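There are 2 protein chains.
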Amino acid sequence: MRDDMIMAALNELNSSSADIEASAVISTDGLVLSAILPQTMDEDRVGAMAAAMLSLGDRTASELARGNLEQVLIKGSAGYVLMMYAGENTVVSVVTNASAKLGLIFLDVKRSAEAISKLV
Amino acid sequence: MRDDMIMAALNELNSSSADIEASAVISTDGLVLSAILPQTMDEDRVGAMAAAMLSLGDRTASELARGNLEQVLIKGSAGYVLMMYAGENTVVSVVTNASAKLGLIFLDVKRSAEAISKLV
Numbered sequence: 001m002r003d004d005m006i007m008a009a010l011n012e013l014n015s016s017s018a019d020i021e022a023s024a025v026i027s028t029d030g031l032v033l034s035a036i037l038p039q040t041m042d043e044d045r046v047g048a049m050a051a052a053m054l055s056l057g058d059r060t061a062s063e064l065a066r067g068n069l070e071q072v073l074i075k076g077s078a079g080y081v082l083m084m085y086a087g088e089n090t091v092v093s094v095v096t097n098a099s100a101k102l103g104l105i106f107l108d109v110k111r112s113a114e115a116i117s118k119l120v
Numbered sequence: 121m122r123d124d125m126i127m128a129a130l131n132e133l134n135s136s137s138a139d140i141e142a143s144a145v146i147s148t149d150g151l152v153l154s155a156i157l158p159q160t161m162d163e164d165r166v167g168a169m170a171a172a173m174l175s176l177g178d179r180t181a182s183e184l185a186r187g188n189l190e191q192v193l194i195k196g197s198a199g200y201v202l203m204m205y206a207g208e209n210t211v212v213s214v215v216t217n218a219s220a221k222l223g224l225i226f227l228d229v230k231r232s233a234e235a236i237s238k239l240v
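Chains Z and W are the protein sequences, given in the same order.
Everything in the first sequence is counted per the working numbering, starting at 1 for the first residue and increasing by one.
Everything in the second sequence is counted per the working numbering, starting at 121 for the first residue and increasing by one.
Hints in this document: simulated from the structure, not taken from any laboratory.
Note that the structure is predicted; figures quoted are calculated from it, not measured.
Even for Gly, the Cβ is constructed at its ideal location relative to N, Cα and C.
Wrong hints could be hidden among the right ones.
Claimed, not checked - So these bits of chain Z aren't anywhere near chain W, every CB distance computed over 10 Å:
| no. | residue |
| --- | --- |
| 1 | M1 |
| 2 | D4 |
| 3 | S16 |
| 4 | D29 |
| 5 | G30 |
| 6 | I36 |
| 7 | Q39 |
| 8 | N89 |
| 9 | E114 |
| 10 | L119 |
What the hints assert, rightly or not - Dumping the calculated DSSO-like pairs for lysine-lysine here, alpha-carbon to alpha-carbon at most 30 Å:
| no. | chain 1 | residue 1 | chain 2 | residue 2 |
| --- | --- | --- | --- | --- |
| 11 | W | K230 | Z | K101 |
| 12 | Z | K101 | W | K238 |
| 13 | Z | K101 | W | K221 |
| 14 | Z | K110 | W | K221 |
| 15 | Z | K110 | W | K230 |
| 16 | W | K221 | Z | K118 |
| 17 | Z | K118 | Z | K101 |
Construct the complete structure from the given sequences, taking the supplied hints into account.
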C-alpha cells in the first residue's frame, strides 16, 4: 500500500518531463525503495552512487559550514543527476538528459520529495 | 603575472555578489591555485573537499552515463557549494550563503570559469 503510493508519486514525477530518464527513491545508505529506470541502468549501481554522493555531500556541507545537506546536483555533458532529501533518511533522485530545464526539474523533484517525505 | 590574472578574475567573481562568501581556483587533484576565503575557512580543507567531490562526481557521471563531468552543486541549509570546470584540470569553486540566487551564481561562475580557462 505504502509502496504503491511511493510508486505513484514517482510515476507522476517521471511523467512530469520527457527529459527525466530515470527516477528513484533511495535510502541514504543506498537501498533503492522504488525506482523507474531504463533497462540500461542498474538499480544497485544507482543506489550505491547515491549513497556515496550523499555521504560526501554531507561531509562537504559540514566541513564548509553549509548546514544540513539538502541537495546534490551533478552536471555532465549528457545530462544531470539530482538528489534531493525527502525526509531525514531518504532522497528522491532523478537522472535527466542534457536538454532538461533545471528550474523545472528542481520544482518537480521538490514537489515529489514533499509528497514522498510523508510516506517514508 | 598569470597568478595575478587568475586572482583578478577571482576578485571580480567574488565581488559580483554579496552572497558569495568564498571562491577559489582549484586543480582537480585538490591543489588551490588561488583563493579568496574567510579566515574561518581552511585552504587545504577546501581543496581536499573539492578533489573528493570532483572524483566522485566524475565517477557518478560516468556510471550513470551523463558524459563528462562539468559541475557539482551541493545545497545545504546554510548555502551552496558550486564547482565548475574551467579547462580540463581546473575548477572554479564558490561557497555562498543560503539567500544566493542560483541562476545568478551559475551565470557569474560560468563567466569566470571561461575567463580562467584561458589562463590555466
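Hint check, failures only = none
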